[in-house]
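Spelled out from the first residue to the last, the chains are:
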Amino acid sequence: MHLDAILLARLQFAFTIAWHIIFPSFTIGLASYLAVLEGLWLITKREAFDVLYRFWVKIFAISFGMGVVSGVVMSYEFGTNWSVFAAKASPAIGPMLGFEVLTAFFLEASFLGVALFGRQKVGPGLHFLATCIVAVGTLSSAFWIISANSWMQHPEGFVIDAHGRFVVVDWWKAIFSQTMPLRLAHMVMAAYLSTALVVGAASAFMMLKRQGHAESRIALRMAVGMALVVAPLQLLIGDTAGKQVGELQPAKLAAIEGFWDTRAHQPFDVVAWPDRAIQGDRFHIQIPEFGSVVTHGHADAVVHGLKELGGPQNEPPVFVVFWAFRIMVGLGVLMILQGLWGAVLWLRGRLDQSRLYLRFATLMGPAGFIAVIAGWTTAEVGRQPWVVYGLLRTADAVAPVGPAQVSISLLAFLIVYAIVFCVGALYILRLMAEGPLPVAQQPPPPDRAPGSPLAAAPQGETS
Amino acid sequence: MTLDLPLIWAGVLAVAVLLYVVLDGFDLGIGILFPFAGDDRERDAMMASIAPVWDGNETWLVLGGGGLMIAFPTAYAILMPALYLPVTLMLMGLILRGVAFEFRLHGRGRGKRFWTIAFAGGSLAAALAQGFVLGGFIQGIKVADDRFIGQPLDWATPYTLVVALGLVAGYVLLGAAWLLIKTDGPLHERARGWAQKAAVAVGAILAVVSVATLFIHPEIALRWGAGPQGLEQKRLLPLLPIPLMGLVGLMMAFFGARSREAHAHAPMVGAFLAFLSGYVGLAVGFMPYVVPYAVTYEQAASSPQALTLMLVGVAILLPFILGYSAWVYWIFRGKVAADAGYH
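Chains as they are written, first to last, in our numbering: chain A, 1 to 463; chain B, 1001 to 1343.
Calculated from the structure, these hints are not laboratory results.
Be aware that one or more of the hints could be misleading.
Said to hold, decoys possible - Below 20 Å or equal to it, Euclidean Cα-Cα: the simulated SDA-like pairs (lysine to any residue) are:
| # | chain 1 | residue 1 | chain 2 | residue 2 |
| --- | --- | --- | --- | --- |
| 1 | A | Lys-121 | B | Gly-1334 |
| 2 | B | Lys-1112 | A | Ile-428 |
| 3 | B | Lys-1142 | B | Pro-1288 |
| 4 | A | Lys-58 | B | Arg-1104 |
| 5 | A | Lys-173 | B | Thr-1308 |
| 6 | A | Lys-121 | B | Trp-1327 |
| 7 | B | Lys-1112 | A | Leu-429 |
| 8 | B | Lys-1112 | A | Phe-421 |
| 9 | A | Lys-173 | B | Gln-1305 |
| 10 | B | Lys-1112 | A | Ala-425 |
| 11 | A | Lys-58 | B | Gly-1111 |
| 12 | A | Lys-243 | A | Val-294 |
| 13 | A | Lys-173 | B | Gly-1313 |
| 14 | A | Lys-58 | B | Gly-1107 |
| 15 | B | Lys-1112 | A | Ala-418 |
| 16 | A | Lys-243 | A | Phe-205 |
| 17 | B | Lys-1112 | A | Ile-419 |
| 18 | A | Lys-121 | B | Trp-1330 |
| 19 | A | Lys-173 | B | Pro-1304 |
| 20 | A | Lys-58 | B | Trp-1330 |
| 21 | A | Lys-121 | B | Ile-1181 |
| 22 | A | Lys-121 | B | Tyr-1329 |
| 23 | A | Lys-58 | A | Met-432 |
| 24 | A | Lys-121 | B | Ala-1326 |
| 25 | B | Lys-1112 | A | Cys-422 |
| 26 | B | Lys-1142 | A | Val-84 |
| 27 | A | Lys-307 | A | Pro-317 |
| 28 | B | Lys-1112 | A | Asp-161 |
| 29 | B | Lys-1142 | A | Gly-402 |
With the rest of the complex left out, here is chain B:
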């Protein structure tokens, strides 16, 4: 029996990116919600709720980017130049967001205000940029001879803007859902409102994006059963559970945040289902491409030697990583105190 190494790697990367999106998603969402908090004490609590875990969450992005280079170097070499500006914007945002965790604790007066703004602005910029990257990816990349041959601003279209706004709304939903688990009192009340609004926004934007995506590329429409002869139920029906899962998730998030009796984790689970639905739904559109409509995962794969060695590493190390990451979450379980810092 031979293993389909590129396929396994496509799966590993897909999981890494999904984990990143969900885990750092709530960090970034909290950053985006920063300006809407009642006062600095609430902001301290919001930051304290993610301070011990944000760095581990962001590491999934390094695994995602690094993993793309390791497993599919051709795709990495096409996508990064094609999405140069949004990737740069994302990095800038992540820099400001990341240092703000420490800098905000040490800033006094103006310094603290500056890093409060930088934390929010950096989170928003990173989220928007990731949306541009995602949108630019889905709408396709111009490739010839394994090189990007398009223009620097190919990614900047109304479609990617809507995708970016959708991602921002999604991150806000995750962030609010996290706060529902981690906080008490007035901040918790505020987070309930945020989560409900975000759930509605995500639902609306996801619907727009879903329809728009069908027009982005004929291949996608065909797969969802929207051929030239009208709707093909044979193709559409097996895929229907995907959007249904999203709908169920958003309802869980919305009603979970609305009701005081609901389980504190319900909105988070709902938000996760919504993300999973969007993620799988988009993946249906571009599989098996790693550079949509140009390069498949098999064409972009690295040498079997590299894939094998790395797969052994992943198989051994990833269970440990997942284990101790979960342990860290467990240690810091429960409601957060605003003064949970170490300083």
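Next comes chain A alone, as it looks inside the complex:
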């Protein structure tokens, strides 16, 4: 009975956080993109940038709304489902989450209102400032949440007090824990890359429909440029972060690579079905010695294996971690290809004509989000069975709530999120199918036709 509640609570957290992370990933990137577009518009006065801004800001508004409501859920779920974790870890991660509220959420919420509705109320400079502040807010949010999560991955700067709480005595160490800077870079790059892929996909789709569509040509080039630079950089950052994982969380690395035995000349699994129940692979294709080479640079290196942990109860669920990592890396490689291929076509002046590339770019639209979810799955499932690595087990962190309540809330989340996601995706895709319209051609929204009693009513200071 108790076990059921833990499993349900974990499922619920996994579901709600995986659903949530899609939207911050998108809005972190998109907010910066909007700031760039508006800045370019103010400098160059080219209408295309304004058209693109007005187009993407609508999609931003929908995504941001979904991110906000699913984020509020997270801030209460720590208490409803993980109250022991909240009580013990709050003296450490509490302030980090608090600073996220104070330096990110309020900024984003207040200035997004100005960015969305204030065009006629503030001057262009102030409006641009509002857009920039929203972008800064999204980055600040990423900073603090990665700080909190990195502390859970590799806790530093604390002592354990009489109540078993993690009391931070060195905030610098706790906030900037060892893995934090690289993981922050990895996440922000992931957000930029995911956004570039979406922008690229929407533009490519538009160009398949209407060849030579002016705004889409610009946006596609911006996306290709982004992928060309950021995708390889992301591989480099990810690889460096992976080396750090090998050093600080050897069990996670062993799960990522499916290493069972601690040994030198570790073989590398190209494909495998690792199974905790049999403490080995049900099936694998291996390259001998390459496991040591890929993790430590030479074949003689001794690499830790999962069996060293003393039983399945101490191991992360290796199958999930192994495959989540491969999905992330596989998609990352495709993104690098997309950037390179696009750049070659661009140089040859054939970017707008290659229907094969435009189709590929369209299909890659959601790839960033899948990679982000796979990456977080690798990081979080790979940390198991710990919630605070090496110190607090997930099973000991759960709230004293019965499985019935957790089931009810899980079911409710599944239904509500399914509706919200499907409808949100539908509205976004519908906007993308319409594409960016020149300002003059934007139709007045229905139901708001001029001449209605309210439109005719005296409007005071409103414009």
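We have chain A; now place chain B onto it with these hints.
Structure of chain B alone, referenced to chain A:
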């Protein structure tokens, strides 16, 4: 001199929650009033009157919940499991309400109708759920060894239902008062009626809740001077300004909405006073508990290190937040046009 950090934090949280209740209160009230609007154009105007500010308003709830976890983790760890179902209901309501702002603009035909209903239903569900949370909080939580040991439905009592209805009426009053400031024409006329009815309802329910609360816990009755030997004037008299403030506030709201000559802001100020009165009145009953009658704010406090760091953050950042929030309200001041959107 040493600062009483937990006490300061109790104050900070109290202010954050009060700000949330009043600010998102008028958003939720407008949602609850949605079905009673004359037509879709009026609903558009109602939504447009809060569209630029609702998200900032809701953020005070994140600060309230997050702040509880930061400052009083023990209380957070007891209250959330104890109030699991109403908190979940609140989150569901807030999700539907929040996405409806955007979705309703993009919906066509059936889609728009669905999100109109979702906006109203979500607002009502969130308001009721917050009432259940408040009622469940006041009536006390079963605790042993810093853990919740009660039943999942402990919060579901007639008392919490009355509190929830009272909160709904209060939010409706705030929402109507906001519309009196922000709208013109037929909608403004309609809002005058809503505000008057809501003021009467709030007065009636607040009276019932006030009396019922005296029977909820002997400690509360004692503090209000209703001891076993009858009324103790020495205790009651200093507290009397609290209910009087509520009465004055409700009268301001009622007569402010009734008279065409009254200042447009009078009902809003009145509604605020009524909320403040209820808020302080309840606080008198359970101070210094953060989990009523079980855990005090001192027992539940986080480490001094965490409280200090966060207090420095709050002291520096909160003035900015209040400043730019007020600036956003100022930018969007004045009557709202139904087509004030950006689409």
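Results of checking the hints against the structure:
1. A:Lys-121 x B:Gly-1334: Since the Cα atoms of Lys-121 of chain A and Gly-1334 of chain B sit roughly 12 Å apart, the hinted pair holds (cutoff 20 Å).
2. B:Lys-1112 x A:Ile-428: At roughly 15 Å apart (the allowed maximum being 20 Å), Ile-428 of chain A and Lys-1112 of chain B satisfy the hint.
3. B:Lys-1142 x B:Pro-1288: 17 Å, holds
4. A:Lys-58 x B:Arg-1104: 13 Å, holds
5. A:Lys-173 x B:Thr-1308: Satisfied, since the Cα-Cα distance of roughly 17 Å is no more than 20 Å.
6. A:Lys-121 x B:Trp-1327: 12 Å, holds
7. B:Lys-1112 x A:Leu-429: It holds: about 17 Å lies between the C-alpha atoms, which stays within 20 Å.
8. B:Lys-1112 x A:Phe-421: 16 Å, holds
9. A:Lys-173 x B:Gln-1305: 14 Å, holds
10. B:Lys-1112 x A:Ala-425: Given pair Lys-1112 of chain B, Ala-425 of chain A holds - Cα atoms ~16 Å apart, limit 20 Å.
11. A:Lys-58 x B:Gly-1111: Roughly 17 Å separates the two Cα atoms, so the pair holds.
12. A:Lys-243 x A:Val-294: Since the Cα atoms of Lys-243 of chain A and Val-294 of chain A sit roughly 10 Å apart, the hinted pair holds (cutoff 20 Å).
13. A:Lys-173 x B:Gly-1313: Given that 20 Å is the threshold and the Cα spacing comes to 18 Å, the pair holds.
14. A:Lys-58 x B:Gly-1107: Cα-Cα ~13 Å, so holds.
15. B:Lys-1112 x A:Ala-418: 18 Å, holds
16. A:Lys-243 x A:Phe-205: 38 Å, violated
17. B:Lys-1112 x A:Ile-419: 14 Å, holds
18. A:Lys-121 x B:Trp-1330: Holds, at about 10 Å.
19. A:Lys-173 x B:Pro-1304: 17 Å, holds
20. A:Lys-58 x B:Trp-1330: 24 Å, violated
21. A:Lys-121 x B:Ile-1181: 19 Å, holds
22. A:Lys-121 x B:Tyr-1329: Holds. Lys-121 of chain A to Tyr-1329 of chain B sits at ~12 Å (cutoff 20 Å).
23. A:Lys-58 x A:Met-432: This hinted pair holds, its Cα atoms lying about 10 Å apart.
24. A:Lys-121 x B:Ala-1326: 15 Å, holds
25. B:Lys-1112 x A:Cys-422: 15 Å, holds
26. B:Lys-1142 x A:Val-84: 17 Å, holds
27. A:Lys-307 x A:Pro-317: Roughly 13 Å separates the two Cα atoms, so the pair holds.
28. B:Lys-1112 x A:Asp-161: Roughly 54 Å separates the two Cα atoms, so the pair is violated.
29. B:Lys-1142 x A:Gly-402: OK: Lys-1142 of chain B and Gly-402 of chain A at ~16 Å, within 20 Å.
Hint compliance for this structure: hints 16, 20, 28 are not met, and every other hint is.
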